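These protein sequence lines are chains A and B, in that order.
Residue 149 in my numbering sits at position 149 of the first sequence; the count goes up by one each step and never skips.
Residue 49 in my numbering sits at position 49 of the second sequence; the count goes up by one each step and never skips.
Any given hint could turn out to be false.
[As the list claims (entries may be wrong)] Okay, the calculated beta carbon distance ranges per label pair:
# : chain 1 : residue 1 : chain 2 : residue 2 : range
1 : B       : A231      : A       : L4        : 56 to 62 Å
2 : A       : Y80       : B       : M1        : 53 to 59 Å
3 : B       : A231      : A       : F32       : 54 to 60 Å
[Said to hold, decoys possible] Lysine-lysine pairs mimicking BS3-like chemistry, simulated, CA-CA at most 30 Å apart:
#  : chain 1 : residue 1 : chain 2 : residue 2
4  : B       : K195      : A       : K151
5  : B       : K195      : B       : K4
6  : B       : K144      : B       : K96
7  : B       : K237      : B       : K195
8  : B       : K124      : B       : K138
9  : B       : K338      : B       : K195
10 : A       : K151      : A       : K12
11 : B       : K77       : B       : K4
12 : A       : K151      : B       : K338
13 : B       : K144      : B       : K263
14 : B       : K343      : B       : K263
15 : B       : K148      : B       : K230
16 : B       : K343      : A       : K2
17 : A       : K68       : B       : K138
18 : A       : K151      : A       : K68
19 : B       : K77       : B       : K144
20 : B       : K195      : B       : K263
21 : B       : K343      : A       : K151
22 : A       : K12       : B       : K343
23 : A       : K151      : B       : K263
24 : B       : K96       : B       : K148
The set of hints was computed from the structure by calculation and includes no laboratory data.
Please read all numbers here as calculations on a predicted model, not as lab measurements.
Even for Gly, the Cβ is constructed at its ideal location relative to N, Cα and C.
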Amino acid sequence: MKWLVFKTLLHKEFLLEFRQRYAISGIVLYVFSMVFVVYIASVRVQPPVWNILFWLIMLFVSINAVVKSFVQESGSRQLYYYQVANPVVLLLTKIIYNTLLLLVISALAFGTYSIVAGNPVFDYPLFALVLLLGSFGFSITFTFTASIAAKANNSATLMAILSFPIIIPILLTLMRLSNIALRVIQDTSYQRDIINLLAIDAILLTLTFVLFPYIWRD
Amino acid sequence: MWWKITSVLLLVYTFTLGMLVPLRPGILTVSPESGLTRQSTVLTISGYNAHFTQGEGQTRVWLTYDDENAILAHRVKALSDTQLEAEFQLPANLPKGEATMVLNCIVDNPADGTSVLPNAFQLKLDSTTMQEYDPTWKAHPVEKLNVKKGFTYPYRNVIYETIRNTYFHVPMWFVLLFLLLASATYSVIYLLNPKPEYDSKASAYAETGLLFGLLGLVTGMLWAHYAWGKAWSNDIKQITTAVALLIYMAYFILRSSFDEPEKGARLSAVYNIFAFATLIPLLYVVPRMFASLHPGATGSPAFGGQDLDNTMRAVFYPAIIGWTLLGFWMTSLRIRAKRIEDKLGGLD
């Protein structure tokens with residue numbers, strides 16, 4: 001039963017995205033514009049700066065991609081989900097869907113950014129892992145803050161001020177790992193950082209599942 | 001009631017002892033700062049809180065290379081309590097055959113105990129010809145050191161008198177953690193049992209926690225101004241702390257952006273718990289991954305064992321308890337003020 005609900009809800013997320021194509025096209029265009037603005041602002045980019053700018057692009061794009069997950073559906077439809085689905089299952093589908101969405105977006109951002117600003121990546125497997133872990137961490141945190149912000153009055157501003165400070169531990173770790181993948185810093189014991197990142201993700205994920213029913217209930 | 005009195009007593013104790021107990025004698029400078037091998041050189045040593053005239057005749061001065069290699073001054077004269085003249089016959093070579101080496105200076109007498117100035121004197125080889133190992137290096141090892149009795153704080157180069165800030169800057173972070181933990185706990189209690197008083201307690205604890213965070217940041221910046229040369233040097237802990245304060249400011253904004261108080265209280269409680277969970281990696285995990293100017297950086301963000309000696313512990317631990325009790329006292333007053341505000345608001 002739960003599995004069926006889960007599958008249906010996940011399918012619904014994709015269907016919704018497919019039907020409202022302006023949302024996804026908007027995000028794609030947002031990535032392109034952001035990359036070009038950053039590129040015009042700093043034409044010659046050294047690897048350390050490349051890394052910082054890349055993660056800034058990712059941060060802004062991810063926030064904008066995730067913020068709609070709770071705002072786009074109307075109150076009455078939310079009420080319907082509340083009756084048919086378990087909040088934890090609903091949240092899980094949102095997090096999985098957003099992780100996949102952010103993965104696609106990060107691949108896209110990496111592609112366009114490396115075309116215009118060069119590609120200083122040395123260690124591709126590590127960089128890919130960083131992108132995966134980044135998408136996952138961003139997805140958990142931003143889905144959670146989006147669910148809170150959606151209930152408040154000025155959700156756009158609130159989304160930013162709630163998300164930016166709490167994403168910092170994840171963002172700093174990601175930037176450090178990606179600096180290692182770019183060989184900006186040498187560190188052979190980066191496994192410890194990956195474990196730290198996974199631990200932070202695990203704590204946040206658990207808390208999100210425990211706390212979401214309280215956000216959801218209205 | 002008793003804990004409020006305890007808090008006041010402990011803080012009076014902290015302020016009195018923290019401010020009045022003198023530092024142990026130490027060495028401020030050694031001049032000249034360099035010399036050539038085989039020279040005879042007279043070093044002028046200026047001491048801090050020292051009593052060189054009292055130890056006249058018993059003062060010994062060494063320039064040391066490591067545990068085994070040291071040269072003893074053959075003539076020591078106290079010019080005043082804080083000025084000492086020591087004459088050295090510098091050996092013919094350096095112990096490991098280097099061309100240049102930085103030596104530490106050790107002054108020892110019964111009145112002041114032992115003081116050390118690391119990297120005090122640079123010794124250069126006077127010629128490039130290889131020399132036999134000079135036995136003078138092992139002739140007078142550093143031994144039979146005197147220990148200064150009495151209640152004093154350690155003398156440390158770079159921080160000097162600002163070592164007293166340990167009793168004010170460091171406890172702030174302990175109090176911050178306790179208060180924010182209390183705040184998160186009340187948020188959990190509120191979610192389990194939604195009574196408005198728990199929500200107002202959670203918010204009051206977060207407010208005082210934020211205040212102590214600001215105080216910790218300010219005392220830290222004052223300290224950094226003296227020890228690191230500038231108040232803000234983008235040290236990783238300064239940054240993560242500023243971010244931690246931003247999280248709690250966001251919490252207060254979130255609290256005020258709901259029309260229905262019950263909904264606002266519930267969602268803020270959820271955010272508060274989440275914020276506390278990100279605060280721990282922010283303050284205790286992330287700083288370990290980056291280089292920091294803080295003592296015990298890279299590895300442990302807290303104190304190392306040798307940073308705190310027993311006299312400092314005797315003030316440091318009471319200071320933590322005193323400040324913590326003060327934090328909880330301030331919060332209890334804030335909670336009462338909020339209750340009165342709510343009652344007055346209800347009358348309107």
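Status of the hints after comparison with the structure:
Taking 56 to 62 Å as the suggested C-beta distance range, the pair B:A231 and A:L4 conforms, at roughly 60 Å. Restraint check, A:Y80 to B:M1: a C-beta distance of roughly 56 Å satisfies the suggested window 53 to 59 Å. Separated by about 42 Å at the C-beta atoms, B:A231 and A:F32 break the suggested range of 54 to 60 Å. A C-alpha spacing of about 20 Å is found between B:K195 and A:K151, which places the hinted pair at or below 30 Å, so the restraint holds.
A threshold of 30 Å between alpha carbons decides the hint, and for B:K195 with B:K4 the separation of about 27 Å falls inside it, so the pair holds. Of the pairs offered as hints, the one joining B:K144 and B:K96 holds, with about 26 Å between alpha carbons and a cut-off of 30 Å not exceeded. As the CA atoms of B:K237 and B:K195 are separated by approximately 37 Å, the hinted pair breaks the 30 Å bound. Taking the CA atoms of B:K124 and B:K138, the gap is near 19 Å; set against the 30 Å cutoff, the hint holds.
A threshold of 30 Å between alpha carbons decides the hint, and for B:K338 with B:K195 the separation of about 15 Å falls inside it, so the pair holds. Using a Cα cut-off of 30 Å, the hinted pair A:K151 and A:K12 holds, with the two alpha carbons roughly 22 Å apart. The hinted pair formed by B:K77 and B:K4 fails the criterion: a straight-line CA distance of about 54 Å is larger than 30 Å. Annotation: proposed proximity of A:K151 to B:K338 holds, straight-line Cα distance about 25 Å (limit 30 Å).
Our distance criterion of 30 Å between C-alpha atoms is broken by B:K144 and B:K263, whose separation comes to about 72 Å. About 20 Å separates the Cα atoms of B:K343 and B:K263, which keeps this hinted pair within 30 Å; it holds. This hinted pair does not check out: B:K148 and B:K230 have alpha carbons roughly 34 Å apart, beyond 30 Å. Distance restraint check for B:K343 and A:K2: the Cα-Cα separation of roughly 47 Å exceeds the 30 Å cut-off, and the hinted pair is therefore not satisfied.
For the suggested pair A:K68 and B:K138, the alpha carbons sit about 76 Å apart, so the restraint of at most 30 Å is broken. Restraint check for A:K151 and A:K68: satisfied, since their Cα atoms lie roughly 12 Å apart, inside the 30 Å limit. Restraint check for B:K77 and B:K144: satisfied, since their Cα atoms lie roughly 20 Å apart, inside the 30 Å limit. Among the hinted pairs, B:K195 with B:K263 is consistent with the structure: their alpha-carbon atoms are about 12 Å apart, no more than 30 Å.
Proposed proximity of B:K343 and A:K151 is supported: the alpha carbons are some 28 Å apart, at most 30 Å. At roughly 48 Å between alpha-carbon atoms, A:K12 and B:K343 are farther apart than 30 Å, so this suggested pair is violated. A C-alpha spacing of about 9 Å is found between A:K151 and B:K263, which places the hinted pair at or below 30 Å, so the restraint holds. The suggested pairing of B:K96 with B:K148 is violated, with an alpha-carbon distance near 33 Å, which exceeds 30 Å.
This entry does not satisfy hints 3, 7, 11, 13, 15, 16, 17, 22 and 24, going by the numbered hints stated previously.
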